[in-house]
Amino acid sequence: EDKVVQSPLSLVVHEGDTVTLNCSYEVTNFRSLLWYKQEKKAPTFLFMLTSSGIEKKSGRLSSILDKKELSSILNITATQTGDSAIYLCAGPTKQGGSEKLVFGKGTKLTVNP
Amino acid sequence: EPEVTQTPSHQVTQMGQEVILRCVPISNHLYFYWYRQILGQKVEFLVSFYNNEISEKSEIFDDQFSVERPDGSNFTLKIRSTKLEDSAMYFCASSRLSYEQYFGPGTRLTVT
Numbered sequence: 003e004d005k006v007v008q009s010p011l012s013l014v015v016h017e018g019d020t021v022t023l024n025c026s027y028e029v030t031n032f033r034s035l036l037w038y039k040q041e042k043k044a045p046t047f048l049f050m051l052t053s054s055g056i057e058k059k060s061g062r063l064s065s066i067l068d069k070k071e072l073s074s075i076l077n078i079t080a081t082q083t084g085d086s087a088i089y090l091c092a093g094p095t096k097q098g099g100s101e102k103l104v105f106g107k108g109t110k111l112t113v114n115p
Numbered sequence: 002e003p004e005v006t007q008t009p010s011h012q013v014t015q016m017g018q019e020v021i022l023r024c025v026p027i028s029n030h031l032y033f034y035w036y037r038q039i040l041g042q043k044v045e046f047l048v049s050f051y052n053n054e055i056s057e058k059s060e061i062f063d064d065q066f067s068v069e070r071p072d073g074s075n076f077t078l079k080i081r082s083t084k085l086e087d088s089a090m091y092f093c094a095s096s097r098l099s100y101e102q103y104f105g106p107g108t109r110l111t112v113t
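Heads up: the protein sequence lines correspond to chains A and B, in order. Sequence positions in the first sequence follow this note's numbering and run 3 to 115. Sequence positions in the second sequence follow this note's numbering and run 2 to 113.
Be careful, since some hints might not be right.
[To be verified] Some chain B residues judged to face chain A by a derived CB distance under 10 angstroms, without partners named: (1) P3; (2) Q7; (3) S56.
[Stated by the list, open to error] Result set (SDA-like, lysine to any residue): computed pairs, CA atoms no more than 20 angstroms apart in a straight line: (4) A:K42 / B:H11; (5) A:K43 / B:E2; (6) A:K59 / A:D85.
Read the hints as simulated data drawn from the structure, not as lab findings. Heads up, the beta-carbon is just placed ideally off N, CA and C, and yes, glycines get one too.
Turn these sequences into a full structure, and let the hints steer you where they fit.
So this is what it looks like as structure tokens:
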């Protein structure tokens, strides 16, 4: 069964700290891995990593895929209180015509002033 | 920037009643999905829809659930006879190429 495991489940830091969130995955026929940020409601898309694009960066956020280790990390540098959210990792699996996303439980990040 | 929209934002219903949750996916997207998230738990896949038919459904998506794309813009999830355990946040998502899925703001369903 496809599985996505995230760690830690919860993390509390101070503004300005750098954090690293972990995701490991076991999905059939790996094609990509996605990171989402969930604040109050909907997951909002951050990054998609594939075999041909194993590192992505957007401002203070960056993500690396280790296809050999079947894992990914999400780094946030110089954290701000607005970074407080649940960060979700998801792996698409495909049976039939379309993908479904298998989500991890998420890492709840709290950034204190 | 185009986004997925959902209505209502919150629905309260009594056990046994039918509910219809509505979604308007991003206009040039081809793949549509419903997920749910019970409070404090993972986001779980319910169903995917492509080319006017269900592509895949999870074990959760039993005979009480159905989906429809009644026109060119709306995508609906119907629960025929709601149960207490159907209380959850329901997310609609859409994607153009079936990889990057964009989520709507969700409908919080409360079954009493």
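Check: For this structure, which hints from the list above don't hold up?
Finding: 1
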